[in-house]
Amino acid sequence: MASISLRNIRKQFGDTTVLDGVSLDIADGEFLTLLGPSGCGKSTLLRIIAGLEDQSSGDVEIGGRTVNGVRPSARDLAMVFQSYALYPHLSVEENMMTPLRLRDLGLIERLPLIGPLVPGRKAKLANARAAVRETAETLRIEALLGRKPGQLSGGQRQRAALGRAMVRNPVAFLMDEPLSNLDAALRVHMRAELAELHRQLGATFVYVTHDQAEALTMSDRVAVMMEGELLQVSPPSEIYDNPQDLRVAEFIGSPKINLLAGEIDGGGRVCAMGLHLRRVLDAPAGPVTIAIRPEHLEMAERASDATLPARVVHKENLGSDVYLHSVLEDGGDGRRVVARALPEAATKVGVGASVSLRLTRGEAMAFGPDRRRLEFREPVVEAAAGAL
Amino acid sequence: MAPVRHRFSVGETIKHAVLLAGAFVVLLPFYVMLSFSMKAPNEIERNVGGFFGSQAQMVDERCMKRGEPDRDAIAAARVDFPGLDDSAVRAALMDTLRQECSATPVVFNYTTAFTEAPLLRYLINGVIVTASIFLIQVVVALPAAYALAKLKFWGRDLVFGLVLFCLLIPVHAVALPLYLMLAKAGLTNTYAALVIPWTISVFGIFLMRQFFMTVPDDLIDAARVDGMSEFSIVWKVMLPTAIPALLAFAIFSVVAHWNDYFWPRIVITGNRELFTPPLGLREFRGDADGSFWGPMMASATVIVMPLIVAFLLAQRRFIEGITLSGMK
Amino acid sequence: MATSASAARTAGMLFVAPALVLMFVILLVPIGIAGVLSLSDYSLGNPGFNWVGTENYEKLVSRSRYEKMFTATLTYVFVAAPLTILLGLGAALLINSLAWGRDFYKTVYFLPVMATLLAMAIVWQFALHPTVGIVNDMLASGCGTWLEEWGWYGRGCADGFPNWLGDRDYAIWVVIFVGVWQGFGFNMVLYLAGLTSIPRDLYAAAEMDGARTAWDRFRIVTWPMLGPTTVFVVTISIIRAFQVFDIVEAFYPIGAGPGRSAYVMLFAIFEKGVMENLVGIGAAITVVFLIFVLIVTVFQKTVLERRVHY
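Residue numbers (my numbering), protein chains in the order written: chain W, 1 to 388; chain L, 389 to 716; chain B, 717 to 1026.
Isolated chain W, as found in the complex (with noise of 0.2 Å):
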């Protein structure tokens, strides 16, 4: 097992810039989720801590060693793939087996016809079998060993690969969005059994996905990346509740988070669309936007000043919860917003009726036109009238 850290990594094809300097510390055995949309260099950044592309500038680590310049091979990693990528010729026992033969087996005794002679090949190749029979034993995929990929289904596929990863020990894994290319119940099953792999091996995860879903319910800490910038490194529930920048908060969540544009005056006052918000922000005068997640924004029950007039315009019933999709009146430029209702509730909401929106106390969150978080404070004397 191993810790991994990057030293400003940077990557370059050509004048696009992937990555642009990208510093994290993974500690030894922790679950990390690279988190971000397609394209914003997550999968580009495990290929260099693989090995299999060269970071442009920056400093890569393994277990406190610097393996810039070395080969995958020696990196000792383990990586599996969104398309598994096992080897179709060959049946998955082999399949399990090619990466102990790489390892164990000398180039001579790797050749056809002359390798066989070697003494003490068949030894080393009855303890990778046993490995093999252990590993298959974990994932419970015994039944499976004799079969090629291309007779087994994608759950399956997706052990067959995990097992190939596993079967070495390798000091970390590596997975490129391993379950995306499974339908949506496996894909929930299969996030709870790589967890619980996790915990059981103990083995360090760097984990990528665009999904924050298994972000969220997977891992130690959730690394956000967007345009090649790392935004936010935190575990699951400070990304959720506590996002540091307005791309985090945006990215995360659904229904998306709620933004309202507002200012900010001289003694840090803030209002939103004529709201006006109780704390108050240690920042200059200018413009701020105002998020606030569809759980904080409830339904009044009737209009006042610290309500947001707002008429329904689709009702989305989870069951549970019901979403009311509203646009803003009264200077909201027609603004959207999402607010969640029980259903007892909603039910006396239909599609066209006017509400009173209201924000929770304490949790809405601000953002500066650099996109960065402002911390709210209490107020230090109580004045303004009306406010939250």
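Since the hints were derived computationally from the structure, they do not count as laboratory data.
Do not rely on the hints blindly, as some may be mistaken.
[Unchecked claim] FRET-style restraints, in silico, Cβ to Cβ:
1. B:882 x L:698: 30 to 38 Å
2. B:847 x L:555: 44 to 52 Å
3. W:235 x L:629: 51 to 59 Å
4. W:286 x B:930: 56 to 64 Å
5. W:71 x L:409: 26 to 34 Å
6. L:629 x W:38: 49 to 57 Å
7. B:1021 x L:629: 28 to 36 Å
Source: prediction; values computed, not measured.
Just so you know, even glycine gets a beta-carbon here, dropped at the ideal spot from N, CA and C.
Got chain W sorted already, so can you dock chains L and B onto it with the hints?
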């Protein structure tokens, strides 16, 4: 994962060296053909003059022989050369003739190629034969492929099995019995003999059937709802969708039959009017002596070049078409 | 829909009818005719013929002329086919690994496939001419250098380089050379297509699994993934090799080379069956030829395809 490729490295240089050596051997005969087609006979025989030859004026001996003034010509020409005796008139006539029969080797070679043998006729025959073969192949194969892919009828699987079996029979292998059948029918030395054995392309049927399998049934059902007959579905709905596949097949078919030599050699004997380009070239060689190498290479160039030029202009399509048989 | 279905049934049979008739007349019936005539002494123009039993086939196995035919054909097939396959694969691997210039080599190597083989064979004949040919000319220009150290080369410099086409030691090899020259570009293109369809991820996986050398990558990924291409390439190369004719006819219009050293089967069929009007023996060679093709196909279906099935 292949290691990062560097533009210049020892490995890359060695690869280029090997491939260039291969390219040298591959291009050698093309070089010889083009070069000889432009050179004078003496340059060819002594292997001098580089690629283009010196292009010095040369005298065509055959032309001289043909134009050699006989007694009557000299007598008739006497009025033009008053005061000269016969041998002087003859010399004067020979001088003009020599001028008329002079040309640069490249002009000589190519004009001779077209005048000594009906090369143009051969080329037209080549076009007629390859075009007829392709058109008939399409007319036969397209409906059959449509039926095998999209229509349910008794014996369909049997017919398709037969198609698969016939794919294994090279037509050249059954050339002898085919020749006998055509001879019995009195069809040797006709265009029909050149075309008939190729009218059925089981490969074309197979290929188009595989293509039609990918056409959605809805498209055909929609046409039926619109009141189209099955016949018009083939030609008005399926044919347009199949254009890319047909184009590839056209290249496959035309290249094979323009270049074919074996079959025309068997069924066309003696009648130059029916010669295809390769047959014509062979005939040319039959009566060639050393001085005719230039014109002969000019003929070869004229015959080989149309496809080569088309290939260079549309490489991707050609490679696709020629390797179609690899798609199985 | 019943009427539509029955219309489709009628149309279906109508549509395959011309193809079916032509398949029988042009491909299947001739096989039968060849089989029947191979047991006779039939000649075109003769009013009648006699059944001669297996006499024609006995000639094929007993006469030295046909021994030469089988020797020439099988030599050609078993040398030219592997060479076109290996050169095609080698060229494809080299070209595929290039950083630049791929299209150039691909185009150049494919040119012979497009060119009229008969014409190019005649050109090769000129190039290989013993006295004025460009090949011997180039070889002679190497005399006086270190190349002369090589025995064969030294002898060439001293006594003149071979009469490639006229020497029975070289004849069939020159025919093979031209056949390979013409055919390997075709296999190269098929292999290039096969190479581009190999998922990049497999190479990455092999690298992660510890494949260090180019040989490891080739053995673990490239070669197995080219399996289906190879099956096809092997089959078509062998069947094409059996059909060699143009080169032999271009080089040796009469007699198929010095001492009949290039007397390949298709030439024999043409010579016996068409030129000499000995239909019976020509038909017998045709039948043997078809059996060879059948053997190759059966070999493909049973041995090769099973091995690459996945």
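Range first: 49 to 57 Å. Now tell me if the beta carbons of residue 629 of chain L and residue 38 of chain W are that far apart.
violated, 33 Å
Mind checking the hinted window 30 to 38 Å against the Cβ distance between residue 882 of chain B and residue 698 of chain L?
holds, 36 Å
State, for the Cβ atoms of residue 235 of chain W and residue 629 of chain L, whether the hinted interval 51 to 59 Å holds or is violated.
holds, 55 Å
Falls inside 56 to 64 Å, the C-beta gap from residue 286 of chain W to residue 930 of chain B?
holds, 60 Å
Is the distance from the Cβ of residue 71 of chain W to the Cβ of residue 409 of chain L consistent with 26 to 34 Å?
For residue 409 of chain L against residue 71 of chain W, whose Cβ atoms are near 32 Å apart, the range 26 to 34 Å holds.
The hint says 28 to 36 Å between residue 1021 of chain B and residue 629 of chain L; measuring C-beta to C-beta, is that right?
holds, 31 Å
With 44 to 52 Å as the target window, see if residue 847 of chain B and residue 555 of chain L comply at their CB atoms.
holds, 47 Å
Taken one by one, the earlier hints fail for this structure only at number 6.
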